[in-house]
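Visitor: Sequence:
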Amino acid sequence: MKLKVDYNNMMKSSIGSKGIDDGFFADSAKAIDDAREKVNSSRGKGWQEWCESPYISKSELDDILSYGEQVRSKADSYVVLGIGGSALGAIAVNNALLHLRHNELPSDKRKAPKIYVEDNVDPERMNALFDVIDMKTAYFNVITKSGETSETLSQFLIIYDALKKAVGAKEAKEHIAVTTTIGKGTLYDVAVKEGFKIFGVGKGVGGRFSVLSPVGLVPFAVLGIDVKGLLKGAASASDSALEKDVKKNPALLSAALLVESMKMGCNINVMMPYADSLRYMSDFYCQLWAESLGKAVDNDGKTVNVGQTPAKSLGVTDQHSQVQLYTEGPFDKVVTFLAVEKYRNKCVISDLKEIDACDFLKGNTMNTLISAEFEATRYALMKANRLNFTVVLEEVNAETVGELLGYFMYQTAFAGAMLNIDTFNQPGVEEGKKATFAMLGRKGYEAKLAEVKAAPHTDKYVCGK
Numbered sequence: 001m002k003l004k005v006d007y008n009n010m011m012k013s014s015i016g017s018k019g020i021d022d023g024f025f026a027d028s029a030k031a032i033d034d035a036r037e038k039v040n041s042s043r044g045k046g047w048q049e050w051c052e053s054p055y056i057s058k059s060e061l062d063d064i065l066s067y068g069e070q071v072r073s074k075a076d077s078y079v080v081l082g083i084g085g086s087a088l089g090a091i092a093v094n095n096a097l098l099h100l101r102h103n104e105l106p107s108d109k110r111k112a113p114k115i116y117v118e119d120n121v122d123p124e125r126m127n128a129l130f131d132v133i134d135m136k137t138a139y140f141n142v143i144t145k146s147g148e149t150s151e152t153l154s155q156f157l158i159i160y161d162a163l164k165k166a167v168g169a170k171e172a173k174e175h176i177a178v179t180t181t182i183g184k185g186t187l188y189d190v191a192v193k194e195g196f197k198i199f200g201v202g203k204g205v206g207g208r209f210s211v212l213s214p215v216g217l218v219p220f221a222v223l224g225i226d227v228k229g230l231l232k233g234a235a236s237a238s239d240s241a242l243e244k245d246v247k248k249n250p251a252l253l254s255a256a257l258l259v260e261s262m263k264m265g266c267n268i269n270v271m272m273p274y275a276d277s278l279r280y281m282s283d284f285y286c287q288l289w290a291e292s293l294g295k296a297v298d299n300d301g302k303t304v305n306v307g308q309t310p311a312k313s314l315g316v317t318d319q320h321s322q323v324q325l326y327t328e329g330p331f332d333k334v335v336t337f338l339a340v341e342k343y344r345n346k347c348v349i350s351d352l353k354e355i356d357a358c359d360f361l362k363g364n365t366m367n368t369l370i371s372a373e374f375e376a377t378r379y380a381l382m383k384a385n386r387l388n389f390t391v392v393l394e395e396v397n398a399e400t401v402g403e404l405l406g407y408f409m410y411q412t413a414f415a416g417a418m419l420n421i422d423t424f425n426q427p428g429v430e431e432g433k434k435a436t437f438a439m440l441g442r443k444g445y446e447a448k449l450a451e452v453k454a455a456p457h458t459d460k461y462v463c464g465k
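69 is the number that the working numbering gives to position 69 of the sequence shown; each next residue is one higher, with no gaps.
Derived by calculation from the structure, the hints in this document are not laboratory data. The reader is advised that the hints may include incorrect statements.
[What the hints assert, rightly or not] Derived lysine-lysine pairs resembling BS3-like cross-links, with alpha carbons at most 25 Å apart:
#1 K302 x K263
#2 K58 x K248
#3 K228 x K342
#4 K248 x K232
#5 K18 x K30
#6 K58 x K263
#7 K45 x K232
#8 K74 x K30
[Claimed, not checked] Label pairs and their calculated CB-CB ranges:
#9 P123 x S57: 37 to 43 Å
#10 D245 x A372: 17 to 23 Å
#11 C463 x E430: 53 to 59 Å
#12 D63 x G301: 42 to 48 Å
#13 V304 x V452: 48 to 54 Å
#14 D189 x D63: 18 to 24 Å
#15 E174 x A128: 23 to 29 Å
#16 A26 x V304: 44 to 50 Å
#17 S57 x D359: 56 to 62 Å
#18 E431 x E341: 53 to 59 Å
#19 D131 x S13: 26 to 32 Å
Quantities reported herein were computed from a predicted structural model and do not represent experimental measurements. Beta carbons: idealized from backbone N, C-alpha and C, even for Gly.
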C-alpha cells in the first residue's frame with residue numbers, strides 16, 4: 001500500500017495530556033480486531049457489496065470503457081445528473097485527476113468533454129447550465145440508485161424535454177445514459193421504455209459507497225480518466241484492510257483513533273487537504289462519515305445518538321480563515337490532514353532583483369512553500385495539544401486516488417463496527433424524502449402529507465416581516 005498514516009500527533013507522547021495513551025492499541029486490541037473481523041467477514045454480502053467494486057468483471061468494465069470512448073469522441077459537454085453519492089464521488093475524482101481548469105481549456109488541450117455535475121435543484125442553476133452548453137453536443141448521465149430520487153428525476157424531465165426540442169426525439173435517446181438498480185424503480189422503467197443505455201448499480205452498493213461502481217466509473221471513462229488505475233489502487237486498499245496487525249492496516253488504525261477521539265469529546269472531524277486537486281475529497285468524505293455514523297440507535301436498539309461531525313477545510317487557504325479556531329478554540333476537534341509528497345507541477349518563485357523585500361521567497365518554489373505551510377500548521381496544532389493525523393499520498397494519480405477512496409470507505413465501515421451501529425442505513429435521510437414526496441402530491445403518501453400538515457407551526461416565533 002502506497003498510502004501512509006502518520007498518527008504521531010494523536011498520541012500523548014507528542015501532544016501531551018490531551019492525546020491518546022500510548023497503550024491504547026494494546027488495551028483495545030480485542031475491540032479493534034472484532035471490528036476488523038466483522039467488516040471483512042461481510043465483504044460482498046448485503047450492504048457491503050461495495051467491497052467487490054475494485055474487482056468488476058472484465059465484460060462490465062469493457063462495456064463502460066467502450067461507452068466512454070464513444071461519447072468522448074462526440075460530446076463537447078458531459079453532464080452528470082445526480083445528488084449525494086451519485087455526484088460527490090465524481091466531483092472529487094474529476095477534480096483530483098483532470099486539469100484544475102479543465103472546462104476552461106480549449107478543446108484541443110482538453111481531449112475530453114467539459115464536465116458538469118448537477119447536484120442541486122436550484123432553478124437558477126439549471127437555467128445557467130443551458131446558457132453554457134450546446135444541447136446538440138451535450139450528453140447526459142442520469143444517476144439514482146433507487147430510481148426514485150425526486151431531485152434527479154426532475155432534472156431528467158427538464159433535460160429530456162430540452163434534448164427532444166434540440167435534436168429530435170430519436171436522437172435525444174442517444175444522448176442519455178442511465179445508472180440505476182436493474183429491474184427496480186421509476187428511472188429504470190423509463191429507461192427501458194425509452195431505450196436509453198443502462199448501467200447497473202448493485203443492490204448492496206449504497207450511494208455513498210458507489211464511487212467505484214458504474215456510478216463513478218461511467219463518467220470517469222467518458223473523461224478519459226485511468227479507470228484501471230483507480231481500481232488497482234482501490235484493490236490495494238481492500239487488501240490492506242484485511243491485515244490483522246492494526247499497525248499495518250491504515251483504515252483500521254485511523255478508525256480506532258477517531259472513535260477514541262469521539263469518546264474524548266472530539267465531536268468534529270476536520271479534513272484539511274494541502275492540495276487543490278484533493279479539495280473535493282473533503283466533500284466526498286463529509287457525506288460518507290456523516291451519513292454512515294450519525295445514528296440514533298445502535299444494533300441492540302439502544303438510543304445512542306452517536307456520530308462525529310465532519311467539516312471541510314483547505315490548506316493553505318483556510319489557515320487564514322479557520323485555523324485560529326482549531327488552535328485556540330474548544331478541544332472538540334480532530335484534524336485529518338491530506339498531504340502530498342510530490343506535486344505534479346513545479347512553480348518557481350521569481351527572483352525580481354529590483355524588489356529588495358521578500359528575499360526569503362525569491363528563488364524558492366511554491367512546492368516548498370505549501371509543504372512548509374503544512375508542516376507549520378501541523379506543528380502549531382501539536383504545540384497547542386490538538387489531536388491531528390496525516391494521510392500521506394506519494395502524489396495525486398489514478399492509483400493513489402483509488403487507494404484513498406478505498407481507505408475512506410473501509411475506515412468508515414470499521415468505525416461503524418466499533419460504534420456498534422448500522423453503518424449502511426440512513427433513516428434520517430429517508431424521512432425527508434418521504435415528506436418531499438408527500439408535499440408534491442405523490443400517490444401513496446397521503447398519510448405522510450396529513451402528518452406534515454399537522455406539525456405545529458405558528459407565526460409566534462417568526463422574526464421579521
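Visitor: Going through the numbered hints above, which ones does this structure break? Give me the numbers in ascending order.
Guide: Of the numbered hints, 2, 6, 8, 10, 11, 13, 16, 18, 19 do not hold.
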